[in-house]
Amino acid sequence: MAAIELPTWAALAPALILAATALVLFLIDSIESEPDTTSPVLLTAVGLAGALGALAFNVWYLIADTGQNAPIELFGGQLMVDGMTLVLGTIVASVLALVVLASYDYIADDPYQAEYFSLLFLAATGMTLLGSVDSFVTAFLALELSSLPSYALVAYLKDNQGSVEAGLKYFLIGALSSAIFAYGISLIYGATGSLQFDAVAAAVDPTALPGILGVGIVMVAGGVAFKTAIVPFHFWAPEAYEGAPTPISAFLSSASKAAGFILAFRIFTTAFPIEAVATTIDWLVLFQALAVVTMVLGNFAAATQESVKRMLAYSSIGHAGYVLIALAALTPTANADLVLGAGMLHLLVYGFMNTGAFLFVGLAEYWDVGRTFEDYNGLAQEAPIASVAMTIFLFSLAGLPVGAGFLSKYVLFGAAVGAGLWWLAAVGAIASALSLFYYARVVKALWIEEPSQDFEIDTYPVGLYAAIIVAAVVTVLLLPGFGLVSEDAIAAAGALL
Amino acid sequence: MLLEALLVSVLLGAGIVAVAPNRYAGKLAAAISLVPLLGSFYLWSAFDGASNALLGTNPAFETTIEWISLAGYQLQWHVGLDGVSLPLVILTTILTTTAIVSAWTPIDERQSQFYALVLLLEAGLLGVFGALDFFLWFVFWEVVLVPMYFLIAIWGGPRRKYAAIKFFVYTNVASLVMFIGFIALVFGLGDSITTLGLPEITQALQAGELTGLAGLGPGALKGAAFIAMFAGFAVKVPMVPFHTWLPDAHVEAPTPVSVLLAGVLLKMGTYALLRFNFTMLPDVAKANAEIIAIFAVVSVIYGALLALAQRDLKRIVAYSSISSMGYVLLGLIAYTAHGVGGATFQMVSHGFISGLMFMTVGVIYNQTHTRMVGDMSGLADRMPVTVGIFVAAAFGYMGLPLMSGFAAEVLIFLGAFPSTVLPGAPIFTALAMFGIVIVAGYLLLAMQRTLFGPFDLETDYELGRAPVQDVAPLVVLLACVIALGVAPDLFYGMIQDAVSPILALGGGA
Numbered sequence: 001m002a003a004i005e006l007p008t009w010a011a012l013a014p015a016l017i018l019a020a021t022a023l024v025l026f027l028i029d030s031i032e033s034e035p036d037t038t039s040p041v042l043l044t045a046v047g048l049a050g051a052l053g054a055l056a057f058n059v060w061y062l063i064a065d066t067g068q069n070a071p072i073e074l075f076g077g078q079l080m081v082d083g084m085t086l087v088l089g090t091i092v093a094s095v096l097a098l099v100v101l102a103s104y105d106y107i108a109d110d111p112y113q114a115e116y117f118s119l120l121f122l123a124a125t126g127m128t129l130l131g132s133v134d135s136f137v138t139a140f141l142a143l144e145l146s147s148l149p150s151y152a153l154v155a156y157l158k159d160n161q162g163s164v165e166a167g168l169k170y171f172l173i174g175a176l177s178s179a180i181f182a183y184g185i186s187l188i189y190g191a192t193g194s195l196q197f198d199a200v201a202a203a204v205d206p207t208a209l210p211g212i213l214g215v216g217i218v219m220v221a222g223g224v225a226f227k228t229a230i231v232p233f234h235f236w237a238p239e240a241y242e243g244a245p246t247p248i249s250a251f252l253s254s255a256s257k258a259a260g261f262i263l264a265f266r267i268f269t270t271a272f273p274i275e276a277v278a279t280t281i282d283w284l285v286l287f288q289a290l291a292v293v294t295m296v297l298g299n300f301a302a303a304t305q306e307s308v309k310r311m312l313a314y315s316s317i318g319h320a321g322y323v324l325i326a327l328a329a330l331t332p333t334a335n336a337d338l339v340l341g342a343g344m345l346h347l348l349v350y351g352f353m354n355t356g357a358f359l360f361v362g363l364a365e366y367w368d369v370g371r372t373f374e375d376y377n378g379l380a381q382e383a384p385i386a387s388v389a390m391t392i393f394l395f396s397l398a399g400l401p402v403g404a405g406f407l408s409k410y411v412l413f414g415a416a417v418g419a420g421l422w423w424l425a426a427v428g429a430i431a432s433a434l435s436l437f438y439y440a441r442v443v444k445a446l447w448i449e450e451p452s453q454d455f456e457i458d459t460y461p462v463g464l465y466a467a468i469i470v471a472a473v474v475t476v477l478l479l480p481g482f483g484l485v486s487e488d489a490i491a492a493a494g495a496l497l
Numbered sequence: 001m002l003l004e005a006l007l008v009s010v011l012l013g014a015g016i017v018a019v020a021p022n023r024y025a026g027k028l029a030a031a032i033s034l035v036p037l038l039g040s041f042y043l044w045s046a047f048d049g050a051s052n053a054l055l056g057t058n059p060a061f062e063t064t065i066e067w068i069s070l071a072g073y074q075l076q077w078h079v080g081l082d083g084v085s086l087p088l089v090i091l092t093t094i095l096t097t098t099a100i101v102s103a104w105t106p107i108d109e110r111q112s113q114f115y116a117l118v119l120l121l122e123a124g125l126l127g128v129f130g131a132l133d134f135f136l137w138f139v140f141w142e143v144v145l146v147p148m149y150f151l152i153a154i155w156g157g158p159r160r161k162y163a164a165i166k167f168f169v170y171t172n173v174a175s176l177v178m179f180i181g182f183i184a185l186v187f188g189l190g191d192s193i194t195t196l197g198l199p200e201i202t203q204a205l206q207a208g209e210l211t212g213l214a215g216l217g218p219g220a221l222k223g224a225a226f227i228a229m230f231a232g233f234a235v236k237v238p239m240v241p242f243h244t245w246l247p248d249a250h251v252e253a254p255t256p257v258s259v260l261l262a263g264v265l266l267k268m269g270t271y272a273l274l275r276f277n278f279t280m281l282p283d284v285a286k287a288n289a290e291i292i293a294i295f296a297v298v299s300v301i302y303g304a305l306l307a308l309a310q311r312d313l314k315r316i317v318a319y320s321s322i323s324s325m326g327y328v329l330l331g332l333i334a335y336t337a338h339g340v341g342g343a344t345f346q347m348v349s350h351g352f353i354s355g356l357m358f359m360t361v362g363v364i365y366n367q368t369h370t371r372m373v374g375d376m377s378g379l380a381d382r383m384p385v386t387v388g389i390f391v392a393a394a395f396g397y398m399g400l401p402l403m404s405g406f407a408a409e410v411l412i413f414l415g416a417f418p419s420t421v422l423p424g425a426p427i428f429t430a431l432a433m434f435g436i437v438i439v440a441g442y443l444l445l446a447m448q449r450t451l452f453g454p455f456d457l458e459t460d461y462e463l464g465r466a467p468v469q470d471v472a473p474l475v476v477l478l479a480c481v482i483a484l485g486v487a488p489d490l491f492y493g494m495i496q497d498a499v500s501p502i503l504a505l506g507g508g509a
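Chains as they are written, first to last, in my numbering: chain A, 1 to 497; chain B, 1 to 509.
In case anyone wonders, no lab produced these hints; they're calculated from the structure.
Since this is a predicted model, take the numbers as computed values, not measurements.
One or more of the hints may lead you astray.
[To be verified] Taking lysine-lysine and the DSS-like style, the derived pairs with C-alpha atoms no more than 25 angstroms apart in a straight line are:
#1 B:K166 / A:K444
#2 A:K169 / A:K158
#3 B:K161 / A:K444
[What the hints assert, rightly or not] Calculated Cβ distances over 12 angstroms to all of chain A for the following chain B residues:
#4 Q113
#5 F134
#6 F138
#7 T171
#8 N172
#9 L185
#10 A224
#11 T370
Ideal Cβ positions, reconstructed from N, Cα and C, are used throughout, including at glycine.
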């Protein structure tokens with residue numbers, strides 16, 4: 001135990017810090033006499049401090065076992081803090097720190113920087129809160145808190161047609177899926193009379209109103225599937241990730257996705273445990289089918305892309321399919337701690353390697369290199385260090401042991417085999433082998449092809465470079481250091497089950 | 001901690017070479033590679049392992065450190081050597097150093113990257129042979145692909161990009177299949193194991209701890225796992241019909257890389273077959289002995305016939321490697337002392353001989369800029385030393401006595417012929433022996449057309465003697481081949497110590 005006894009609300013410190021940072025950023029911007037003259041260095045520094053502060057609290061709580069033996073309940077069971085909350089908080093805060101650092105260079109010439117940063121922090125607050133929701137009401141609120149700023153962020157480059165179109169598309173589909181989610185919640189309330197997760201689980205009665213409950217569960221699953229870009233709710237993802245400012249693409253595809261998955265893990269293990277609802281709707285089969293479709297479609301679509309950023313967007317869908325194995329493989333015979341823990345570990349590692357890969361694309365955009373694989377030809381000669389980092393990200397995403405993506409992917413596949421779903425692991429294996437092909441295309445362009453254009457690279461942006469290198473170092477170090485995080489993640493999963 | 005010191009020295013060396021200027025990278029890499037080379041000789045002199053690392057206890061130079069804890073399973077940094085892995089470690093260090101020296105002439109761009117990747121490859125290979133924990137082994141197994149991909153794709157021939165990605169994806173798929181098979185076994189063992197250590201898993205399997213998994217009973221699970229692992233490793237070996245990546249990779253790879261590919265990377269496959277399929281699941285292997293023997297014989301004969309049909313010297317050596325690896329499989333399935341021992345010895349012997357062959361072809365190519373059999377003849381007059389070594393290596397390949405190839409093949413045939421595990425062993429052995437005739441056929445034919453007769457060269461290059469730095473590694477490798485041929489006991493004693501516990505499992509003698 002810590003020497004100082006903190007009040008229970010302090011368990012929410014990571015989310016509170018992020019929210020406070022958002023407000024401080026607003027404040028700083030509003031006390032400037034002229035609009036839009038706030039120093040970008042100040043904004044970035046405040047943002048970085050906020051993100052690192054939240055990260056520090058998450059890591060401290062994880063080490064101090066806050067809420068991991070017994071969850072800390074707050075506000076009458078509406079919010080809670082347990083191991084999974086902290087794992088998600090760590091992912092969100094780490095990705096946020098990298099994105100803030102990279103945004104310093106990326107949006108250097110754009111207006112409304114303070115607004116950009118505060119929206120980013122509001123979204124991050126929502127995502128962090130998604131890890132501590134314990135009722136459908138707070139779940140919906142946190143989901144909206146993370147989504148609404150995201151829509152605006154995607155459309156941030158308002159002179160860029162792609163960005164605006166992506167924002168609109170993301171918003172329309174997002175609004176629809178929020179409606180579906182809310183409607184699903186109302187049906188669940190109708191069937192069980194409760195909104196709090198444990199109370200829902202206790203009130204589930206397969207014989208009373210099974211149809212309403214079943215439809216409600218499917219609708220909730222659909223809402224979550226939108227957030228995590230799972231097929232068939234993935235349409236928005238390639239457009240949004242491609243059109244958005246690249247740091248935002250990194251943020252959405254890493255942190256937002258992790259938040260959606262953690263919410264799904266919590267809802268489907270706490271509110272709808274498979275033993276209780278299996279006769280109404282066997283969501284194992286549902287998620288197995290979705291996992292297969294998502295892995296296959298995401299990876300095949302990624303293999304046919306010409307734009308690197310769009311390829312990463314589809315690969316992000318493919319990775320959502322891998323993580324979905326964590327829910328799909330929660331069979332009665334499975335080592336459930338391992339299955340769910342493996343999913344969280346993959347989200348954590350993915351947070352670093354995917355963010356890094358997107359930020360490299362951001363670096364290329366910063367240099368006006370171009371969008372396609374061919375445009376990247378020979379870039380390693382100009383930017384060897386960043387290219388080494390990108391190679392690490394891509395090979396780690398492909399599951400080669402240059403980074404921790406290797407371990408998290410194979411632990412996930414192994415857990416699926418252990419659950420008796422060897423065929424699911426086999427589908428994942430095929431998808432993964434295919435992914436090696438298209439990730440290697442980028443590596444080939446960087447290192448092996450001759451340059452197809454004269455690069456005009458005269459500046460090496462400090463923030464972007466720092467973010468990319470930090471992400472690469474963490475990706476590599478998590479390979480030998482996997483044990484440091486695996487125990488926490490698996491313990492967090494175990495506490496849930 | 002000696003093995004770790006070796007690995008760290010190679011990794012550090014790779015880092016240093018990567019940032020060294022191109023001009024000095026080759027010399028520097030050669031100097032650095034002497035550390036693991038001398039280190040491996042020290043390991044040899046200090047070796048005290050008397051049993052099999054998976055079946056016995058206390059392999060030599062063992063270290064165990066906790067690494068990752070995963071819901072009831074400990075992953076460990078667990079390394080150690082026995083009589084099977086030590087010879088392969090020595091093979092790796094010798095071949096790496098000689099390959100680096102042989103690269104001085106042909107590699108003329110991005111040298112520091114090249115040599116850094118070669119050292120990285122060496123680290124991966126040493127790890128594969130040293131690791132005794134499944135995940136640790138798998139990390140090294142897969143990490144080998146990364147430098148290999150770059151080495152083929154950057155410094156290779158005209159179709160290098162295609163060859164590299166084919167090699168990459170093909171072997172990666174194989175690894176995934178193998179992984180699923182093996183991990184199913186692990187989960188089938190249930191609570192009887194707490195680590196993913198290969199010795200623990202092997203011993204639990206022998207103790208009959210396997211329960212079913214996902215509706216499969218122990219027998220079916222073993223069978224399925226055996227097939228998945230066999231298929232996965234067969235790609236690496238490679239065995240007909242999983243061999244199609246090999247000629248592309250070999251032909252396109254720069255010669256020093258072909259040396260390592262044929263010399264060591266293929267041995268990863270046979271080494272894994274020995275460790276996993278034939279040590280962990282001997283009963284399945286035994287029950288399907290004929291099928292495995294058919295794979296072996298088909299590889300021997302078909303690989304040799306393919307070699308016979310080639311004009312490219314590199315392709316000839318590449319296909320004949322497939323044939324030679326078939327002998328290894330035949331020796332393994334025999335489950336006799338000389339069969340399994342000879343198969344292990346063949347891994348080492350073929351590593352040296354095929355490395356030597358590729359290197360010689362490379363030296364000739366450096367001078368003539370062609371590898372096509374029809375494009376040159378009568379090289380013996382112009383390059384007497386190189387040609388002499390080529391002839392010696394070819395005879396080694398054909399199994400001339402006092403060369404290591406002879407010792408290896410004789411042992412395999414002696415072991416396979418009386419095998420009680422393999423029904424119809426004499427027939428299979430006789431069929432496989434026929435492969436030697438074909439080998440002699442295509443090698444003699446190729447030598448006759450290229451090396452002897454009146455001098456003629458299609459490509460317009462001034463043909464002179466090869467530089468000393470090209471010939472020196474050839475001499476070293478030839479010395480190794482002859483040393484192992486004259487005194488197989490250099491390795492064969494420790495190999496016998498290590499394989500004898502396997503024989504008891506297979507019920508052979």
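So, going through the hints one by one against the coordinates:
1. B:K166 / A:K444: 13 angstroms, holds
2. A:K169 / A:K158: Between A:K169 and A:K158 the Cα gap is close to 14 angstroms, so the pair holds against 25 angstroms.
3. B:K161 / A:K444: Status holds; Cα separation ~8 angstroms.
4. Q113: 8 angstroms, violated
5. F134: The assertion about B:F134 is violated, with a minimum of 10 angstroms to chain A.
6. F138: 7 angstroms, violated
7. T171: 10 angstroms, violated
8. N172: It is violated; B:N172 is separated from chain A by about 5 angstroms at its closest Cβ, not greater than 12 angstroms.
9. L185: It is violated; B:L185 is separated from chain A by about 10 angstroms at its closest Cβ, not greater than 12 angstroms.
10. A224: B:A224 not clear of chain A: closest Cβ-Cβ about 8 angstroms, inside 12 angstroms.
11. T370: 25 angstroms, holds
Against the hints set out earlier in the document, violations occur for numbers 4, 5, 6, 7, 8, 9, 10.
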